[in-house]
Amino acid sequence: MEILSPEDRVVLWRATIDAEGRQREALLHAIGKDVVDSLGELDLYGDTYAQLVLDTLQTLDDAGLFARDSMRRCLEELHEPEGGVDLLAAEMSGLLRDAAGVDHLGADRRVRAMEMASEWREHVLDRRRPEPQTISVGEVAALYGVTTQAVYKWLRDERIEATRGPGGSWLIPAAQFERDRRPATSRRKLDELKQHLVRVHDGAELPSEEELTADMRRDDDQ
Amino acid sequence: MTVQPPRVLFDTTVLWGAFHSPAGPNAKLLDLAAQRAPVLDGFITDAVGAEFWWRVTQQGVKGPGMRQPRTYTEDELAPFLEAYEPIFEPQALAQAPLGRSLGRYAGLVGLPLGEVLHHITGRDRAALLASPSLQGPMNFETVDTADLHVICGAIDNGADVLCTNDAKTLGYHPIGALEARTATHLATELGLLDTAAPATRLIRQDP
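Those protein sequences? They're chains A and B, same order as listed.
Position 143 (the first sequence) corresponds to 144 in my numbering; numbering is contiguous.
Position 103 (the second sequence) corresponds to 958 in my numbering; numbering is contiguous.
Since the hints were derived computationally from the structure, they do not count as laboratory data.
Virtual Cβ for every residue (Gly too), placed ideally from N, Cα, C.
There's no promise every hint is true.
[To be verified] List of simulated lysine to any residue pairs, SDA-like, C-alpha gap at most 25 Å: (1) LYS917/B with GLY107/A; (2) LYS1023/B with VAL998/B; (3) LYS190/A with ASP930/B; (4) LYS154/A with ARG862/B; (5) LYS917/B with LYS190/A.
[What the hints assert, rightly or not] Just the calculated beta-carbon pair ranges, DEER-fashion: (6) PRO1029/B with GLN134/A: 38 to 46 Å; (7) ALA1022/B with ASP9/A: 46 to 54 Å; (8) PRO1029/B with PRO133/A: 37 to 45 Å; (9) PRO208/A with PRO945/B: 30 to 38 Å; (10) ASP930/B with ALA16/A: 42 to 50 Å; (11) PRO1029/B with ILE4/A: 49 to 57 Å.
[Said to hold, decoys possible] To list a few chain B residues with every Cβ distance to chain A over 10 Å, as calculated: (12) THR868; (13) ALA882; (14) ARG910; (15) PRO952.
Next up, chain A with everything else stripped away, as it sits in the complex (with noise of 0.2 Å):
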């Protein structure tokens, strides 16, 4: 088992990118199997992961956001010890839900990205340190359903609290996401919601989400 550097490993995932058919599925698996063996290697999950990385990136690739530069980062980034797997296995789990809305995989493939999307957000949230004083980006993007990619934005745009650590990665307080007491609705009631709303509309010709309010419009309007 020879795991690739991350220079390696991007030039995998362009080369991915850039390939059509046949060769582009094998090098796609070639990607999988070296997420597998760095996760292996890294000895954070088992063997069940390999076939749900290989499923992951065949949806992605599939639904057209396996190309998202987001991707490259978090291929990049599989190794840093702060959060390295976190931050892919949440990128993931964010781009599953994006995954979720393309009407061209068809119904039982976009209910199968969504329990993806839940399998992988499950996976970095039950291995949160008991605890935690500060949490990583991809815990954050996990905890709400967000791809990586947004919590990068909030942090930019201080929506949240963070500071930067003696390496340059981001220190999350944990504190402010439990402070507002109201009742909240859980991530995995709402991952429910989207599989059971993709088979109540699946098979229905319905207008376009803008073509939805120029109808409540007429309908308001006669």
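Given the coordinates of chain A, work out where chain B should sit on it, guided by the hints.
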């Protein structure tokens, strides 16, 4: 110091969009609000909630080539209300000072819209009349009175942002400190939509 999370009123178009596109920008915003994420403080009013229920179960939506609108059963709607319970539960619902009809405020027709909003919400008259879009007279040709409850609900409940996909409501922007934004706009501001172009394909160079 972090920036104060904006207080955001979602109107019916946002709920309607989230119901139909569970992975779209409308749903992403509602997800954050229902999870009490510290980046926005989202809410709806009783009038918005009632209007949404009526849209889903009674009025429905007509897709391309459909003769009859598709409505949804209570069972189909229930998981939506349950997952977004922190937004829909009665204690969380803000009160709108106006419903979908003018009712007892009908006598205000003809006054400048800012004046009308001042009468209904009791908010600063000068600030409301300072907004150019509120200086014209309110009449049935210029103002959709059925949607006035959204603006009144936002003003009355201290919203910073009125999140709507309705072009007509967006036309009132800005009203004092209240700004109207589309769900796509707000979701982009919060980094929920990836606006960066995907990586370009490598350009092969001849050896």
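Verification of the hints:
1. LYS917/B with GLY107/A: Given pair LYS917/B, GLY107/A holds - Cα atoms ~21 Å apart, limit 25 Å.
2. LYS1023/B with VAL998/B: 9 Å, holds
3. LYS190/A with ASP930/B: 16 Å, holds
4. LYS154/A with ARG862/B: 19 Å, holds
5. LYS917/B with LYS190/A: 28 Å, violated
6. PRO1029/B with GLN134/A: 38 to 46 Å: 40 Å, holds
7. ALA1022/B with ASP9/A: 46 to 54 Å: At roughly 50 Å between Cβ atoms, ASP9/A and ALA1022/B fall inside 46 to 54 Å, so the hint holds.
8. PRO1029/B with PRO133/A: 37 to 45 Å: With Cβ atoms ~41 Å apart, the hint holds.
9. PRO208/A with PRO945/B: 30 to 38 Å: 31 Å, holds
10. ASP930/B with ALA16/A: 42 to 50 Å: 49 Å, holds
11. PRO1029/B with ILE4/A: 49 to 57 Å: Hint holds: Cβ distance 54 Å, inside 49 to 57 Å.
12. THR868: THR868/B is in fact no farther than 10 Å from some Cβ atom of chain A, at 5 Å.
13. ALA882: Answer for ALA882/B: violated, closest chain A Cβ roughly 8 Å.
14. ARG910: 7 Å, violated
15. PRO952: 20 Å, holds
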